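Peer 1: The chain contents come next:
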Amino acid sequence: DTGVSQDPRHKITKRGQNVTFRCDPISEHNRLYWYRQTLGQGPEFLTYFQNEAQLEKSRLLSDRFSAERPKGSFSTLEIQRTEQGDSAMYLCASSLSGRASVETQYFGPGTRLLVL
Amino acid sequence: AQSVAQPEDQVNVAEGNPLTVKCTYSVSGNPYLFWYVQYPNRGLQFLLKYITGDNLVKGSYGFEAEFNKSQTSFHLKKPSALVSDSALYFCAVSPYGNKLVFGAGTILRVKS
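As they're listed, the protein sequences go chains A and B.
Heads up: the first sequence runs through residues 512 to 627, numbered per the working numbering.
Heads up: the second sequence runs through residues 2 to 113, numbered per the working numbering.
Accuracy of the hints is not assured; some may be wrong.
So these bits of chain B aren't anywhere near chain A, every CB distance computed over 12 Å [as the list claims (entries may be wrong)]: (1) Thr21; (2) Lys23; (3) Thr25; (4) Asn31; (5) Leu34; (6) Lys50; (7) Gly98; (8) Gly104.
Estimated spans, in silico, between C-beta atoms of each pair [what the hints assert, rightly or not]: (9) Thr531/A x Ala15/B: 44 to 50 Å; (10) Ser85/B x Gln595/A: 44 to 50 Å; (11) Tyr62/B x Ser538/A: 22 to 28 Å.
Hint data in this document are derived by calculation from the structure and do not stem from the laboratory.
Computed from a prediction, not measured in an experiment: that's the story for all the values here.
Heads up, the beta-carbon is just placed ideally off N, CA and C, and yes, glycines get one too.
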């Protein structure tokens, strides 16, 4: 049983460039979450999907950010025209939602982005 | 607004001693509460959660947490700390059973 995987693990880019991150959730999980974590802070929610539907987006998510989960499996997070303030760890989590209990989210190792 | 406070940036404890990492919460919905641990350059690992029922929740690696509704607290505890417990610990609340709202984290240092 594999956990949540994220690719790449590290990304260095120049300001103004576009970057795309990928997340592969645990296979049977129907929900997928994206969070951003900056140094010294806890993760902050960005957006989440149930199957292929994007159900909620944080106000933190500017127009330069877009996320997709086209077939309800893997997800991509794209940042256009990167800014230095986008430098952070981007975490993906997945869960199995159901009526019986409140879900537990399982996190991937994260993608660390540095914008020069 | 939903929020979580972890009042201590760092907790130091000697190996073999009991440890407590504090967490208080503010939520308008149900207080679904979680603890996660993060090791350097790694993602978050789930430790335990409180949904309802018994106020004492047992989790992974010998950790437990006590839910106190009157004090709006959910402190993480372990009877005997190990050096390998040294890490960054996050408390989180999920008011609607979906997204998590995290505290700023507490660094736990266990010295031998």
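Peer 1: All hints, please: hold or fail.
Peer 2: Each hint, compared with the structure:
1. For threonine 21/B, the requirement that its beta carbon stay farther than 12 Å from each beta carbon of chain A is met, with the minimum near 19 Å.
2. Taking the minimum C-beta to C-beta distance to chain A, about 15 Å, the non-interface status of lysine 23/B holds against the 12 Å cut.
3. No Cβ of chain A approaches the Cβ of threonine 25/B within 12 Å, the least distance being about 14 Å, so the stated non-interface status holds.
4. Listed as outside the interface, asparagine 31/B is inconsistent with that label: its C-beta sits roughly 8 Å from the nearest C-beta of chain A, within the 12 Å cut-off.
5. The Cβ of leucine 34/B sits about 10 Å from the closest Cβ of chain A, inside the 12 Å cut-off, so the non-interface label is violated.
6. The beta carbon of lysine 50/B sits about 6 Å from the closest Cβ of chain A, which is not more than 12 Å, so the claim that it is off the interface is violated.
7. With a cut of 12 Å on Cβ distances, glycine 98/B falls inside the contact zone with chain A, its closest approach being about 5 Å.
8. At the 12 Å boundary, the C-beta of glycine 104/B falls inside the reach of chain A, the nearest C-beta of that chain being 5 Å off.
9. Checked against the given bound of 44 to 50 Å, the beta carbons of threonine 531/A and alanine 15/B, roughly 46 Å apart, stay inside it.
10. Judged by the Cβ atoms, the range 44 to 50 Å given for serine 85/B and glutamine 595/A is violated: they are separated by roughly 36 Å.
11. Range check, tyrosine 62/B to serine 538/A: Cβ separation about 26 Å, and the 22 to 28 Å hint holds.
Checked against the numbered hints listed earlier, the structure breaks hints 4, 5, 6, 7, 8, 10; every other hint is satisfied.
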